[in-house]
Amino acid sequence: MATFTGTAVKADRITELGMSPGQLEKLKDVILRDVERGRYDGAVMAIARHGEVVFNEAAGLANLESKRPASTDDLFFIMSITKQFTAVRTLMDVEAGKYSLTTPVSEIIPEFGIKGKQRVSVVQMLSHTSGLNTEMPLGLPPENLTNIQAVTAAVCNERLHYMPGTIVSYNALVAHSVLAAITTRLDESKRDYRQILKQDLFDPLGMTDTALGLPEALKHRIVPLVVRDQTPGMFEPALLESVNFLLTETAELPAGGAVSTAMDILRFGEMLRNKGELNGKRVLSPESVAIATANHTGDLPNHLMDYMREMYGWSGFPANMGLSFFLRGEGYFPTFLGQYTSPGTFGGMGAGSTAFWVDPERELTYVFMSAGLMEEGASILRHQRLSDMAVAAVTG
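Under the working numbering, residue 396 is the last one in the sequence shown; the count climbs by one each step, no gaps.
These are calculated hints, taken from the structure and not from any lab test.
Treat the hints loosely; a few may be bogus.
Below are the DSS-like pairs computed for lysine-lysine, each with C-alpha atoms no more than 30 Å apart in a straight line [as the list claims (entries may be wrong)]:
#1 K67 x K28
#2 K28 x K10
#3 K275 x K190
#4 K275 x K10
#5 K98 x K198
#6 K26 x K10
#7 K98 x K115
#8 K275 x K198
#9 K98 x K190
#10 K190 x K219
#11 K275 x K98
#12 K281 x K190
#13 K219 x K281
#14 K198 x K219
#15 K281 x K10
#16 K281 x K98
#17 K198 x K281
#18 K28 x K219
#19 K67 x K219
#20 K26 x K67
Pair by pair, the computed Cβ-Cβ distance ranges are [claimed, not checked]:
#21 E111 x W314: 35 to 41 Å
#22 H161 x S20: 44 to 50 Å
#23 Q149 x A217: 22 to 28 Å
#24 A294 x H161: 23 to 29 Å
#25 Q199 x T248: 18 to 24 Å
#26 E36 x T15: 27 to 33 Å
#27 T166 x T103: 17 to 23 Å
#28 P69 x A217: 17 to 23 Å
#29 E361 x E236: 37 to 43 Å
#30 S315 x T15: 37 to 43 Å
#31 K115 x T248: 29 to 35 Å
Positions of the beta carbon are idealized from the N, C-alpha and C atoms, including for glycine.
Work out the full structure, taking the sequences as your base and the hints as a guide.
Here it is, written out as structure tokens:
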């Protein structure tokens, strides 16, 4: 049975676990230099090796306006890391026999099956190969993004944009709302999706500071979402900052509407590293974890990143998508997962701010959360640099 306490070990134990305390301290120094340069306001980082926490540090400010120092128990808007929660919960229903990965969405949501979407499958929704519009649905007000049923109704009325399975185009907002709608329609207790995630995923893993939406009881610990880098990029700063107001206690945005702490995300990552189980609680089978973290997109590129490649002068590279998980894969190209991680490394990232990854070969789990968002491409390069430093701390 894999155990995880969430308590950082002493320096001598860090060395015994095959990590360099001195190299880990350099991570904090680099983050502080970034903060001094105004790249972001502060950050929290947590790292585990062989299931034990070797680094759990906060640096800089959680709130620049109020001068509130960053703390390891700060609560962050984790943005698209929410997608990995939704993917895990979807796979739990597959394991329960409610449907299969190849099941067309229209078999469960009949109104979805129009305008060419009849054959779009669950696995294509999870792997960003559905052919759906990747932007906000036409005519949907931003305030409705946190309403699963409203988003699903809007998506149902849209046409197919690409042949399913032929193009990878990261679906930032809507595909995971449809997956959540499937889960709620098939839920025997007719629970809200935020209750489903809490009771079926967060509670069993001891993720007591994680929620879909922002509960009033946790609101005092939230790090405000501020776009520090105003460079034009993937998302409009005003849309990102609207999350501060859109994520109420009852808000449900399965693609990007969860809040959490670095330590809770470390727990989630450790569950995945341990093939679906943590502290005696199993939420997924090893087979499901293996499928979720396998490459489902081959050598296809991620077309949502076309603008980024031109903007930064990057050459082409594969999307390396699992079932909503990003994969390291082979080769050298810009990736938040870093150049030093093993090919089987997988994880998730949130717009301009958060990232986590699991390197199964090294038994290393990593989480980073920043106060103050960067432009997406710059954030990827930031994550890459810090990820490589974390792996460089491995001594054996």
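Of all the hints numbered above, which does this structure not satisfy? Sort the numbers upward. none
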